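Each chain, letter by letter, is given below.
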Amino acid sequence: MTTTDTTPAEQTAPIVPSFGDDETDRKLAIICSKGNLDMAYPGLILGNAALGEGIETHLFFTFWGFDMIMKSRMHDLQFSPAGNAAMHLPGSDRHMPQALAPAMTGMATKMLKKQIADLGVPEVPDFLDQIVAAGGHLWACRLSADMMKIAEEDLRDDVEAIISAADFIEKTEGAQLLFI
Amino acid sequence: MPVTTLNGKSVHVNEEGFLTEYDEWDESLAAVLAEQIGIQLTDAHWKVIRFLREDFKAQGETATTRRVQQVGGVPVKEQFTLFPKKPGKKMSYIAGLPKPHGCV
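Protein chains in written order, with our numbering: chain X, 94 to 273; chain B, 271 to 374.
Please note that a few of the clues may not be correct.
As the list claims (entries may be wrong) - Taking beta-carbon pairs under 8 Å as the criterion, some of the chain B residues facing chain X (in silico): (1) Gly278; (2) Lys279; (3) Ala304; (4) Ile309; (5) Leu311; (6) Phe321; (7) Gly342; (8) Phe350; (9) Leu352; (10) Lys356; (11) Pro368; (12) His371.
Keep in mind the hints are simulated off the structure, nothing from the lab. Being a predicted model, the structure only gives us computed values, none of them experimental. Glycine is no exception: its CB is placed at the ideal position from the N, C-alpha and C atoms.
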């Protein structure tokens with residue numbers, strides 16, 4: 094801009110933001126392969142943000158990521174401090190002793206859920222509702238479904254289909270891709 | 271910050287064109303802002319815009335699409351219909367508020 098705070102000059106034509114509606118053919122594909130509560134969120138947050146920017150967004154659930162979309166499991170994802178070297182005692186820089194970590198899954202899950210809720214961030218099923226409402230596409234992995242003997246009726250109704258890896262590659266032609 | 275003339279009135283905007291002064295906005299300006307980005311305001315749009323204005327006044331920050339649904343009572347799906355493709359940015363632009371900072 095050519096103007097400053099001290100000597101504002103009138104612009105003759107209004108400045109209109111370029112929302113770039115029709116310019117983007119950007120596509121984003123996110124592969125969700127984890128069923129831990131903490132690892133469910135990165136894909137959801139980025140997918141939701143992309144949709145809010147008008148970007149076509151596909152989420153593909155594979156392996157443990159199925160826990161995010163299975164009716165029987167999606168309300169009960171857990172967060173475990175075990176094996177997480179970055180886990181600290183609450184409100185401190187001191188490492189949590191790893192020997193204690195396996196016993197703390199319940200408490201850690203509860204704490205994380207509270208922290209997420211305090212920020213106004215929805216729980217996983219609710220977050221996926223929002224992503225679908227915003228136009229996001231949910232797909233499930235054929236190989237994982239076969240391996241774990243999971244059928245379409247075990248999944249959220251808004252999962253569009255169980256598809257093969259090749260189908261996914263085809264659907265996401267030209268997309269930027271994230272593996273989580 | 272640049273100053274621009276909208277609806278015959280001088281207003282402060284940022285480099286993208288979002289109003290920077292809460293009190294320089296009024297409802298007649300909203301219609302002009304909306305028209306500039308190709309939106310004709312209906313009662314449904316106004317429900318969102320009035321919520322955003324009130325919520326900003328109370329919270330000091332622009333509500334996200336999530337908050338517009340949870341607190342303002344307008345479902346995300348409807349927000350995408352009313353303000354296509356980029357509801358968060360478009361509705362805050364029309365409401366004369368900064369873009370939402372929240373991630374969700």
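Quick rundown of the hints versus the structure:
Annotation: interface hint on B/Gly278 violated; nearest CB of chain X at approximately 11 Å, more than 8 Å. Interface hint at B/Lys279: violated, since its Cβ lies 11 Å from the closest Cβ of chain X, which is beyond the 8 Å cut-off. For B/Ala304, the suggested interface contact is broken, since its CB lies about 11 Å from the closest CB of chain X, more than 8 Å. The restraint placing B/Ile309 at the interface with chain X is violated, with a minimum CB-CB distance near 10 Å, outside the 8 Å limit.
Contact between B/Leu311 and chain X, as hinted, is not supported at the beta carbon level, the nearest pair being about 16 Å apart and thus beyond 8 Å. This hint is violated: B/Phe321 has a C-beta 15 Å from the nearest C-beta of chain X, more than the 8 Å allowed. Interface restraint check for B/Gly342: the shortest CB-CB distance to chain X comes to about 13 Å, outside 8 Å, so the restraint is violated. Restraint check, B/Phe350 versus chain X: the minimum CB separation of about 6 Å is within 8 Å; hint holds.
Here the hint on B/Leu352 is broken, as its CB sits about 13 Å from the closest CB of chain X, past 8 Å. With a cut of 8 Å, the hint placing B/Lys356 at the interface with chain X holds, because the nearest CB-to-CB distance is about 5 Å. A least Cβ separation of about 12 Å between B/Pro368 and chain X goes past the 8 Å threshold, and the interface hint is therefore violated. A least Cβ separation of about 12 Å between B/His371 and chain X goes past the 8 Å threshold, and the interface hint is therefore violated.
In this structure, the earlier hints numbered 1, 2, 3, 4, 5, 6, 7, 9, 11 and 12 are contradicted, and the remaining ones agree with it.
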